[in-house]
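Number of protein chains: 2
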Amino acid sequence: MNEPFKIGIAGLGTVGAGVVKILQNHADLITKRAGRTIELVAVCARDQKKDRGVDLSQCEWVDTPTDLAAIDGLDAVVEVIGGAEGAAKDLVEAALDKGVSVVTANKALLACHGFDLAGHAEQGGAALYYEAAVAGGIPVIKDLREGFAGNGITGVYGILNGTCNYILTTMQETGRDFADVLKEAQDLGYAEADPAFDIEGNDTAHKLALLTALAFGVKPDLDHLPMKGISHLTAEDIAYAEELGYRIKLLGIARQVDGKILQMVEPCLVTAGHPMADVSDAFNAVCIEGDAIDRGMAVGRGAGEGPTASAVVADLIDLARGHHVPMFGIHSAQMKDAQWMDADEMYRGFYVRLTVRDQPGVLADISAIMRDHNVSMEVVLQRGHDTGGPVAVTIKTHKTRRADIMAALEKLAGIDSVVEAPTCLRMEGF
Amino acid sequence: MNEPFKIGIAGLGTVGAGVVKILQNHADLITKRAGRTIELVAVCARDQKKDRGVDLSQCEWVDTPTDLAAIDGLDAVVEVIGGAEGAAKDLVEAALDKGVSVVTANKALLACHGFDLAGHAEQGGAALYYEAAVAGGIPVIKDLREGFAGNGITGVYGILNGTCNYILTTMQETGRDFADVLKEAQDLGYAEADPAFDIEGNDTAHKLALLTALAFGVKPDLDHLPMKGISHLTAEDIAYAEELGYRIKLLGIARQVDGKILQMVEPCLVTAGHPMADVSDAFNAVCIEGDAIDRGMAVGRGAGEGPTASAVVADLIDLARGHHVPMFGIHSAQMKDAQWMDADEMYRGFYVRLTVRDQPGVLADISAIMRDHNVSMEVVLQRGHDTGGPVAVTIKTHKTRRADIMAALEKLAGIDSVVEAPTCLRMEGF
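Residue numbers (our numbering), protein chains in the order written: chain R, 1 to 430; chain X, 1 to 430.
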C-alpha cells in the first residue's frame, strides 16, 4: 500500500464537515479508489468545541488558515472558508507557493484571482482543483478539462444558481409573484437573508467566468460579463412565456462567435421540450457544445452539503491518485486575453412585455416603432382588453440584432401610452 | 516540453479515422492540454490505399493488430476493431501484457472479458481506458471512476442505445408502427441491416454490464442480466403510455436493493416531465444516484464518429498526462462477485396491454385474475368498444411484486377472451 495522502481542512461549516463525514464514512471505499488512505491531519475552524457530528480528536487544530500551509508533510489543503480576499486567498497562495495542492469550493476567489493563482500553482508545482466551485453535483470542471479535451469547445451555458431556479420553478408551478416566492424561499432557508448575490446574477457570473476560461483558454474576466438577474420578472412573464411554448431560466452563457467570445448572465426563454426546460427546483444544468461531441448536457444538484462535499472528495481522490491537470486545462502562459463580443451585436429572438394604456392606436404605434428599428414581430398577444386599466402587450420577435431591439424599446419607453419600463428577455435557440 | 506520447491505432473505420482527424486538426490544442504531443506512430487496417481523408504517410503500417503491440516505444494502442474475440482481444492482451496502455471502444470485448483484462492491465502495469465504449458523448466512465468517486453509488440507469431511442422517438412523434420506423432507420443508415443486436437489447446489456461493474465494484456479468428489447412494442403502446403521462424508453438499469444488485435491460415507462423523457432521437442519457450527490443525469450523443472519437482522444490525453485509474475504479483483487437480485422480487408499477375479444364479462374476468394475484389496478382503459373485432384493454397497476404480475399475465394469456400475448412494461419511478 502507498503512503497516506495527508490533508488539512480550513473551514468546518456545512461543506467542510460534509467532507470529513464522507472521508470517515467511506474510508474503506475511498482507500480502494484512491489506492491509498486519505488522512485528515489538521483542521482550522473557529470553534474547536462545537459538535459537528464528526470525530476530529485525531487532528491537529491550528489557529489561522495559513498555519495549515506551514504544517510539514501535507499533500493538500481543502479551502472551504469562502470569500474572494483575506484568509482564503492567503491560505491558497501560501499552500501553492510551498508546493501543497489546494482543493477549493471558492468561486469568488477563483473568478477574481484565478489567473494569478494558476501562476502560483505552476511555480510551486502544485495542483489547484475546484470541482466544488461550479455546480457541485455536476463534474463540469472535469468535463471541460478532461472529458471533452478532444473538442474545440464552441459554447457552454447553463442553470448555475439553484436558488434562482427554485424561485423560477415555484413561480411557474404556482403562478405566484417573485417577491412572494423569494420570501418563502428565505423562510425555508433556500435563499439568503440578503439574496442579492444570488438573484442579481453575481453567483452565476462567478461560475460562468470560470467555465468561460476553461472552455476557451482565456483569462477569467468579470469585467466583460454583462449580468441581469431575475428580480424584475413577474408571474405574467412566466405565464406568457409558457403560452408561447417556453420556460424562463436564469442562464450563464459563453459562446464563441466569429472568433470572439460572448459571455453573459441573464434570464432567457428556453423552449419547452428542451431537456433544460424540465430542470426544476434547486437543480443545476450545464450544456456544452463541442466540435466533436456536438452537444451534451448534465444535470445535478448544484449546492448543499452532499453534492459540494462529493466534489471536494473527488478532487482529493484525483490528487491522491497522482493526477495533476493545470487549473484551466492548459499552462497559464498559453492562456489568451479574450476578444470579447459586444452583446449588442448578437442576433436572437426576443420576448418583450409592454404595459400600455388600453386605447385605440397603441398597437399601431408599437408596430411602427418596431418596423423603424428593423424588428420583425412573430407573435403579438394583447390580453385583458376590457379591464379599463393598463394592459399587457406581449411580443415574440423573429431573430433581431440586440442593439436594434434595445433602441426600439428605448423609443417605446418614451411614448405616452407605454406606462412601465418594458421587460425584454432573449430566447435561447437550442 | 515532455517527450511525445506515441500511439498506434488498430482499425481505421469511422471511429479510427475520426480519432486521426481530431489528433491532426486539433494538434496544437491537444498538445497544450496534454502537456506533450500525441504522435501517431503506427496503424493497422485492411486497405492501405483507401482515402480516409487523413494523412497517414508518416505512419508505420503493420499487417496484423498484434504487430502493433510489438512495436518498441509505444505508449498506448487504440483498439477500434471491434468484436468480443479474435484480433481485438489478442491485441489488447498483448499490449497490456507488455505494459502498453490500451484505449478501446469495444464494449462487447469488455463486457465479456473485462475482469480478465483488468488483470492483464495490472500485471503489465498498463492502463485500460474505454470511455468510448459506453455513450461516447457522455463521460460516464469518468463520472463513475472519478467524478463521483466520493459517493456510495446506489443506482445507475439510462438510455444507452441511440438506434432504439431514435425508433421510439419517431414512433412517438409520428404514430407509426415499429416495423415501419425500423425500415426507415435502416434506409437512412441509422440502424444496421441486421438490427437484432440493437433492438433486442444486447448492445444496451454490454454497456450496462460495464456500468454495473464500475458503480458497485463487482465483476461484469452478462449471465445475470435479463434483457428485453423493443421489437414487440406497437404504436398503440406508445399512444397509451402518452395518455397515461409517460414515454417509453429502452433503459438499462442497475440498482442496489437490500445489499443485492438488480441489473436489467427493458423498455420502461418514464414520467413525462422527467428530463429523461425528453431525451430524443439518437441521444443517450445516463442517470447516476449516489449517497452524496443524490442524483444527476447526463445527456449526449452516444455513437457516431465525432462523439466516439472525442471519447478516445480524451482517454489518450488523460494517459499522456500520466493519469492511471484502475479499469473498474478499484484494483481487480478488491472486486466482488455480486449478489444478484431476482428481478421477480422487485416492486414497481406496471403497464399492461391486453388484446381481448369484445364480449361481456371480459373486464370482470381480468379484474378477478388480477385480484387473485394481489395486483391492484390504478387505471383501466378500454377503447374501440364498437369495432366488433378484438379491442385493447390497457391497465396501469399500483406497485406490484413482479412475480405476481407475471403470474397474473400467464393466467390471463390462457383464458379464451384474451387473443394475443399480453405486453407488460414497468414504470420507472423517478
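Incorrect hints may appear among the rest.
Just so you know, same-sequence chains aren't split out, so a pair can sit in one copy or run between any two.
27 Å max Cα-Cα, derived DSSO-like pairs, lysine-lysine [what the hints assert, rightly or not]:
(1) K32 / K336
(2) K228 / K183
(3) K399 / K183
(4) K219 / K411
(5) K21 / K336
Just so you know, these hints were derived from the structure itself, not from any lab.
Hint check results:
no.	hint	result
1	K32 / K336	between (40 Å within a copy, 13 Å between copies)
2	K228 / K183	within (20 Å within a copy, 49 Å between copies)
3	K399 / K183	neither (36 Å within a copy, 38 Å between copies)
4	K219 / K411	neither (37 Å within a copy, 68 Å between copies)
5	K21 / K336	between (40 Å within a copy, 25 Å between copies)
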